[in-house]
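**Q** Sequences are here, hints too, so could you generate the full structure?
Residue numbers (the working numbering), protein chains in the order written: chain H, 1 to 937; chain A, 1001 to 1181; chain V, 2001 to 2407.
Among the hints, erroneous ones may be present.
Stated by the list, open to error - The list that follows gives simulated cross-link-like pairs (lysine to any residue, SDA-like), each with its CA atoms no further than 25 Å apart:
{"hint": "1", "chain 1": "H", "residue 1": "Lys870", "chain 2": "A", "residue 2": "Ala1138"}
{"hint": "2", "chain 1": "A", "residue 1": "Lys1003", "chain 2": "V", "residue 2": "Gln2291"}
{"hint": "3", "chain 1": "H", "residue 1": "Lys82", "chain 2": "H", "residue 2": "Gln275"}
Read the hints as simulated data drawn from the structure, not as lab findings.
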Amino acid sequence: MEGFHADRRNFIKLCTVAGITVFAAPALWQMGSARQAQIASDNLNWRGAGPAPAFRSDGISKVTGQKIFGRDFRARDMPGWKQQQHYAFVLRCNRVGRSFNGFDWGQLPAEAQPYVKITARTLAEKQLKLPPFYGEAMLLPEGDSPQYYGHAVAMLLFDDFEKYAAAKQALQFNQQVIRYGDQTPPIERDPYASWRIIRVEGPQGPEGEDLYSPLQDGLFFPSYQDHKAQWPRVANQTGSVSERGIYYAQQIRSQTESEAGSGNWHLVRGEYKTQIVDPMMMEPETANVWFDSDQRTLHVVITCQSPQDFQEFAAHVIAESAFAGKIKNIVVHSSVIGGGFGGKDHSIFPYYGLVAGLFGSAPVRLANNRFEQFQSGLKRHPFHMRNTLAIDKETGKFQSLIAEMQADGGGRQNFSPSIAMVGASAIQSIYYLPRNDISAVANHSMNMDSGSMRGYGTLQTMTAMEMMVNQAAEELGIDPIELRLRNASQTGWRNTQGAIPKVGVRYRELLERARNHPMWRERGERKKAFEREHPGFLFGTGYAIATKDYGTGAAAPSAAIQFDSAGRLSMAVEYMEMGTGISTSQSLLLETVLGRAADHCVVGEVDAWHALQQFQTESPYTMSQQHQDQQSGDPLWTPVTAMASAASMSSYFQSHATQQAAEILLQQGLLPAARRLWKKEDLDGAQVQWRDGKLHHADLPPLALTELAAEAHRNGGVTGAMVHSFNRWEWAEADFELDGQKQAWSIDGLALRRGGTAEKVSADEYQVEKRTAVRYPEAALNNAMVTYYAPTAALVEVAVNAGTGEVRIHGLQNYMDCGRTIVRQLVEGQIEGGVAMGIGHALYEVLPPLAQGAGNGTWNLNRYQVPLAKHVPVWNQQHDILPPASEKDPHKGIAEVVMIPIVAALAEAVYQATGQRFNELPITPEKLHRALNPQVL
Amino acid sequence: MAKIPVSMIVNGEKVGPLEVAEYTSMLDFLHEYLNLTGTKLGCGIGVCHACTIVVEGEDGALEPVRSCINNVGRFNGKVVTTVEGQAELDAAGEVVALSPVQQAFLRNFSFQCGWCTAGFVNGATALIDRLKRDPAPADKVEEVIGEALGEHICRCTGYVRYFRAVREVIESTPGLLKEAE
Amino acid sequence: MGKCIVVLLFLLLGGNVAAQSTVEKGRYLAAAGDCVACHTATNGRPFIGGRPFHTPFGTLYSTNITPDKETGIGNYTLEDFAAAMRRGEGAHGNLYPAMPYTSYYLIADEDIASLYTYFMRLPAVEHVVPNNDLFFPANLRFGLSFWDWAFFDKAPLVQPEGKSPEWQRGNYLVNALGHCGECHTPRNFAFAMKRDEKFAGNILEGWDAVDIRAESLRRQGWDRAQLRLLFTTGASERGTAFGEMFSVVKHSLSRLSDDDINAIITYLLDGDDNVAVNGGDSQLAAQQYAQGRADFVAYCAGCHGREGSGVTPVFAPPMDRNAGVRAESPFNMIAVILRGLPAQRMNRTNARAGMPGFHRELDDARVAGLVNFMRSAWGGAETPVTQEKVAEIRHQLRKDDYLGVVE
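**A** If you want it as structure tokens, here you go:
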């Protein structure tokens, strides 16, 4: 294949942005795994013969080192690309506080000269700018002062690897190549966002109408003075949103103080601090970009959790630059990701790759090494919280929560506003709070930018809540699990925002199970026995529970499922494979509806959805009800077309779309075929069932999928269903007229395939079916913030070395409610991985701020300690996964929540062992050594 | 930049002699010269062990070696196996059979993202080879696995399923264990 | 309310403030004396003893020095304490000279008193340490009196006039509390320090506790700044602290005041400051030791940088300025290459990865070539290291079981 041909089926037109057509290529790893698809041998078939899959559907490609990850692909691996590979290196400031005065290029070895040096001036000449989401100064202009640690100043392009490698070694830690001038004052800016969640329960209690809540009354915002949030001061019970809010906030505060003063309520008051953490996904970020000027096409390979957004942003970047006339097409190749944990969601990195590629004379590869990844990758927001929890001494019931949070967003805004909001809305954890005044401010700083990371603000705040609950239990003399049982929220009760969670909550069940565990029941005796047998070690048991909201409030998953005439099922989903096993679980979901798992599943599909012909208008988060009502008259309009692969989204949201598509395919494709084969006109879906891979009805001869598929193809019937769905804490529903019958589905876009030959889902074989009516969730639900939850709990025993302060985990029992499990091994693997990362957060991982931090470019894994096998309970970890409440129980999103309870459980276990409370994370061996041995200098 | 002639056997195939810049790391050599990208860069400083490959010693014993901190010269004349060479392939390059370690990792759902998998496959393979020569006491299996693979970093699955898989291979392969001491 | 209590306590305990400051002083002196390093079992609690010391005469265990009456030093009077510290006279007979009373005898009375006050206020821990496991006749404690008589030279601290107070303080810290000579001074057949070779370096636990005489330090390029870095962080451009010295930095030197660190440096570097730093000629070295250079490139440069210039010092030290490479004795270079180094963590921000050992991979001739290349490229050593020398060191390290680690 020579260059790029827009007419080839491989590249499907996705959309047109400002005159530039954005194409998506087939996901890269399909190229890599092509070999695997032909494996026929039974023991190399992932599905296996048992009820559970034999292994992950992407397992063989990963265990044999095939090219599947974005970082794997070089120019010569890309069909049609120019073969030569060029390399880019980004030069970054390791300091702030002085002006940047140009370069000393004499530091470059003579034999390792770049052929292009890109600086801020180069970008200005070509009118290249970052997408507004990322802010300004992609490269720092000469004369300016670095805005944050790690600010990029130049990109160098090399035409061969050896030059690149030599130059990188010479420059990466070079103190002379960037010249600094006069001292400059620190850069200070207003906070990125502020939130306040005030709620007071009404006379009807947890289920009744609130006196005040964000859901009912709306939100209000502060003004900024000296870069600090100033909340409105006027309080008026019958005034505006803010006046009423401030009135109730004052009520909560004064009531809390007076009840505490008169001895009725007990207060736990404390400062809680969390640290800067690196997601430390194993695959450092990479981009490979080829500007094919002959074909006026830009090809991009990226390692990104949100390729859809990148596509759109990149098109805008180019459209507004001097390259606008030179590029007609952008082709984005996304790939399997070597871990993300949020760090690859809306990272700024791909845009540096994009720009490097624009100046290259051949494909340009920009690949972070680990030092660079530490210096430039997104971090977890450190939170500083001042919290007060009030508990009625008599009943042990929580009465109020007052929380003031500051989150450090670093030098670029990224997702800081929403992370602060999610953190604030999650602090209540599993508890019911009749009164709350929670504020959260996302601040600017000169740290590296923080962004989405596993937990998205909730890890920080819920951990603090659990620490307070454990402390309250101790101080009130109530068993910690008993205290939790008294305060656990129940199905139908309102959360701190005034919303009612949409899924049943089974906190009590989780709590009761832990209460009956010997590790808990006998914790006193076990401590004594252990310490008697192991002098010098301090033993403690800790428990914590967390419930993580999942979803974004604007989920828009798509799925397509089709069969060929031989009955092979292939499917495509929009969600990316980050390692969680989505291709395995989504494939498996088809079994109950279509009789067998998918033979082939394309993940991270971006192009096929074009067949739905949908378009979007405004932000789904801020649009008015009126706008929504007006637009939804157009059957092709949707609040949002595509979504990023954020954490915890696949099992609930993507599964919904997959199941809807499967149901439609059954109804529209297989049942008509069955009616013909069985000659039963009135057969409906409720009368059939799959057993042993065959469709059964009464005592008629069972039909294999192959027979049904052949019949459907022969007859020109429906052979594929593609759906788009939308969720704003509720699913959109739409009516369709299919074969003269009105049908309602929980989707808002549909396309069907009749006949067709393509092996994989392909847009041009699908015809859109326009809906006849649609019911979208109300715009007001945007104020609800979150309503989906999945809980996890951890019961942990630790042995603390009284000398070194090392914490060894002696036993761990995990509890989880994930609704209906799709693949148990994947769920358990998620828990174990979450536990490991949680242990890192609780005990080991920390980056100092500012000059000593990762922005100085010298951080790597020799210093940043991620947990090793010896730090985690490899051999002594048990899982108790609740059986689903019913067959209708959803598949709940768990990827984030699994790392949360272990953090507070460890903090409590350490307290029980040592008698020392640590409200600042991580609780490192050094800290414990110091605290346990104050007598030693 | 000075170059050195490099030749070795990689995954059973003779490579070279190639003229390679002397400071090229083995990892870069595999990636940029041989286009074998199954070996992964994690930290680049020898800590995470994602880049572990297997080198045959003079006595035929397999040693795990980190390819990121060793330059290509160290492997001149050596017999090297990367993750791409661990499964049995047919003439067309398609997987016919997986090694016991690979099978055990699949069976146990040992990995998620898969970035650390190559290092674990090679590290575990070298461990199995070592135990064939020098069996471990049956009651020391956990320690032996911890010593051999304890420095490998995995960020997704918390080691549990990797270690369990290696234990299965050790305990189900005759001759790797001797009586408890 | 809180304030009232503080005031009240102050009134009641006012007389104790002086004692408190004595305890504080003792705490500091104990750090300067690095008591914790030896009197803590591996991964155990501080001062409870039980750390094994492998000597040519068998294994000794450090004692419990918490004030537990049964198993510690709870029954010691100040006089008992002073006798143990200064003369190695313990409650149950003479102490083995692994206890550095051969240096501690120089500690001032006042400091002994502070240390005593401090130790007596430690939390008492009941902890029985293992019995020493020594060969005859060293297992006979009464022999120690003879040893002391024969080898314990109780010469007072030399305090020459004309030296600055800072120098004098350094002199005291290095020789008395710091007991640097206990490791850095060669020992005779009976394990006693050779007074005439003070600080000339000594092989201990498979490492060379290097020559720390001023001339030698200066020849290796040590200056105030680099020594300060080494003493406060364990790492410098001249190399990192490893083996027992890492523990000394972690538990003792890094806790000392800036003034005391400066005093130690002043004392150590006192001497002829016109000593030329050892240099080298990398081009010549490459010609002379082609295989050595090739091995450096293949095995070492990945971490220690192209031409030995380092990558970033927080990860691994450069070799082209390294004190070990410039040192007269090649022992540590050879031992590090063969043994490798363990990962070391000082705290959350200062930690280094370990280094693999190459004893299986590199034979004596290649180790010699590698060492000779580095020494002549960046060290300027005149006499090349022979294959036999490497063999001898390898043999010794293997015999003492230091070559067990595979990469």
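**Q** What hints, given by number in increasing order, does this structure fail?
**A** 3
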